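Chain by chain, the residues run as shown.
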Amino acid sequence: MLTIKNLHASVDGTPILRGINLEVKAGEVHAIMGPNGSGKSTLASVLAGREEYEVTEGEVIFQGKDLLDMAPEDRAREGVFLAFQYPVEIPGVSSTNFLRTALNQVREYRGQEPLDAVKFLSLMKEKMKLVEIDQKLLSRSLNEGFSGGEKKRNEIFQMAMLEPTLSILDETDSGLDIDALRIVSNGVNQLKSDKNATIVVTHYQRLLDYIVPDYVHVLYKGRIVKSGTKELALELEEKGYDWIKEEVDSAAV
Amino acid sequence: MSTLTTQDTFEALLESAPQNFSELRAAGKAIYHSLGLPAAKEEEYKFTAITKKLEKTISDFRAASPFSISENQIKESLFKGFDGHVLVFSNGKFLPELSQSIEGIEISTLDIEVAEVGSIAKAEKDVFAALNQASFAGGISIKVPKKVQVEKPILLLSFNQANEGQVIIPRYWIEVGDFAEVTFMDQSIALGESPYFVNKVVEVKGGINSQINYFRLQDEGNQVLEVSNIETDVQADARFTSVNISVSGDMVRNNLSLNLLGSNCEGNMYGIYLLNGKSHVDNHTNVDHTIPHAESNELYKGIFDGQSRGVFNGKIFVRQDAQKTNAFQQNNNVLLSEDAIVNTKPQLEIWADDVKCSHGCTVGQLDEEALFYLQARGIDKTLAKGLLLYAFVGEVLEKIEDESFKNHVVELIQKRLGSKF
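Chains A and B are the protein sequences, given in the same order.
Start counting the first sequence at 1204; every next residue gets the next number (the working numbering).
Start counting the second sequence at 3; every next residue gets the next number (the working numbering).
These are calculated hints, taken from the structure and not from any lab test.
Take these hints with a grain of salt, some might be off.
Straight line, CA to CA, 25 Å or less: simulated SDA-like cross-link-like pairs of lysine to any residue [as the list claims (entries may be wrong)]:
1. K387/B x L1271/A
2. K417/B x K1339/A
3. K1354/A x E1316/A
4. K383/B x S1342/A
5. K1398/A x P1317/A
6. K1354/A x L368/B
7. K1339/A x G396/B
8. K317/B x N288/B
9. K383/B x E1366/A
10. K383/B x T1259/A
11. K401/B x P1317/A
Bear in mind the structure is a predicted one, so any value in this text is a computation, not a measurement.
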């Protein structure tokens, strides 16, 4: 589904990603872990098409198409979804209006009829249950005044509405209490199928107790330096990242 | 080229002024001569070089004659869903024969002398008010009696066209009795492409506990030069709300002044600038808190594209006696291009010590992070921009209490922003 080859990206001339290779197949969950500043969020942002990152080398093929060649909105319409680390508050734009606009733009791209108000609302009600989100929240401006947990829940709710093929969760667990984490993870798990895939970007292993990955990759200094299964995450939890840093840094010398 | 600083420019206009209101006109003329047109660096017109602009654009400084307007033209000008009374003006002259009479309301041309004309928008405050006072022709007087609730809005619909003369001098005298309620809409339609100069004065004398809305749409076109002075006296327990929407104009200066004269009254000033090209709009507002326990709210939002320029100057004056005043002011601007300019200046003078006053001015760009967020959900970039900008001005649109006017403005704005939602 997704093939990343030798991906290099920089910000304001500073290289952040220095040759990422990754293959994600339908039905899989990949966890990207790594110490702060290793490039995890950059990878998520580059995949979603954030403009301030400049791809200097490499390619990303998503379902046979060159992902890097597409505008952010087209990536979303093709089925890439980024759950933001810091969801943006947008005063004056109601969550419902926003979501209906987004959904209908995606549907139009896919050659589907737009949803009328009634169908949209009933779909919304159904998906709201997934992340136990309150309708009152959705009648307010997008993310405005939402708590951290509400924002993250809203991200997963949007994901449920847009039904992406590839979901990238950028630090979705950070700052969540256990209840919220359980709700969010539960939502993600219910959306999983053998047709879609998930990339979970996280600093902590904790999330992986709830969303069980098939593969775990460790990112350090802009490269994937180690890959394994969920056991690798447990090892990292226990021993921290220092041993990997040492391994890599000494090999480089 | 004429030189305006010598004051000769408008002499022909002053010479040919009507004979009525002779004392008032003489006083206006004297003040006009003593003040003179704003010089290049004059503080009040610092960012709006109207004198230079007039010099460059207008070649004939006589009054534009009224022209005939057909019923059809009026009908076609009304915005969708409009349900109200229409008062028609041609180059500033009120045309009773094309206007509807409104039951219980006294409407006449300003041929008959209304003694209080000039008592609210005082000539000495602004040279253009003085010029108007000396030279206006065929304005209107509207009197809403005590306790009358005018259920439908009154549209002041002006048709402007300058082929021979180029100065249009509207003058409205509006009196709203105690406990009366009325909504005005003020809109001008330009016929033809020739530039002209509108020098307008609107005086509103509100009674105690009256409720007055003045909604104004400035979308005449980019050939228009205009200076307007709108001033109102707000008495005890009364409320006056102005909403001013500017979407075009070569150079437009709006002076809006609210005199809060009775306790527990409320004065609201809201506005939107949505400009592109080389449009220049300057909103100078002034609220004068003279008594305790009054409230003023002000919110102007601007979106500037191309080489457009916006000026905001918000004066709040709280006199020593005006304790327990609540005065809020905000002006937020978004610049969409490198060449757009905003000059914004809050100006607070507070002499009372027990008041709540706040002000804030911001100038920024479109929030790139918010834009990316919307795009990342599949929303087209142009539509996403439109959505964000529309949300930005939404707070002001909410203040428009008339649905048809609001819908019309919303449609205009959405069209301008290149998207519908």
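Hints versus structure:
A C-alpha spacing of about 22 Å is found between K387/B and L1271/A, which places the hinted pair at or below 25 Å, so the restraint holds. Between K417/B and K1339/A, the direct Cα distance comes to roughly 31 Å. Violation of the 25 Å bound is thereby established for this hinted pair. Restraint check for K1354/A and E1316/A: not satisfied, since their Cα atoms lie roughly 29 Å apart, outside the 25 Å limit. At most 25 Å may separate the alpha-carbon atoms for a hinted pair to count; K383/B and S1342/A meet this at roughly 24 Å.
For the hint linking K1398/A to P1317/A, the alpha-carbon distance of about 23 Å falls within 25 Å, and the restraint holds. For the hint pairing K1354/A with L368/B, the CA-to-CA distance comes to about 22 Å; that is within 25 Å, so the pair holds. With a C-alpha separation of about 20 Å, the suggested pairing of K1339/A with G396/B holds against the 25 Å cut-off. Taking the CA atoms of K317/B and N288/B, the gap is near 5 Å; set against the 25 Å cutoff, the hint holds.
A threshold of 25 Å between alpha carbons decides the hint, and for K383/B with E1366/A the separation of about 21 Å falls inside it, so the pair holds. Annotation: proposed proximity of K383/B to T1259/A holds, straight-line Cα distance about 24 Å (limit 25 Å). In summary, the hint linking K401/B to P1317/A is not supported, as the alpha carbons are separated by about 32 Å, beyond the 25 Å threshold.
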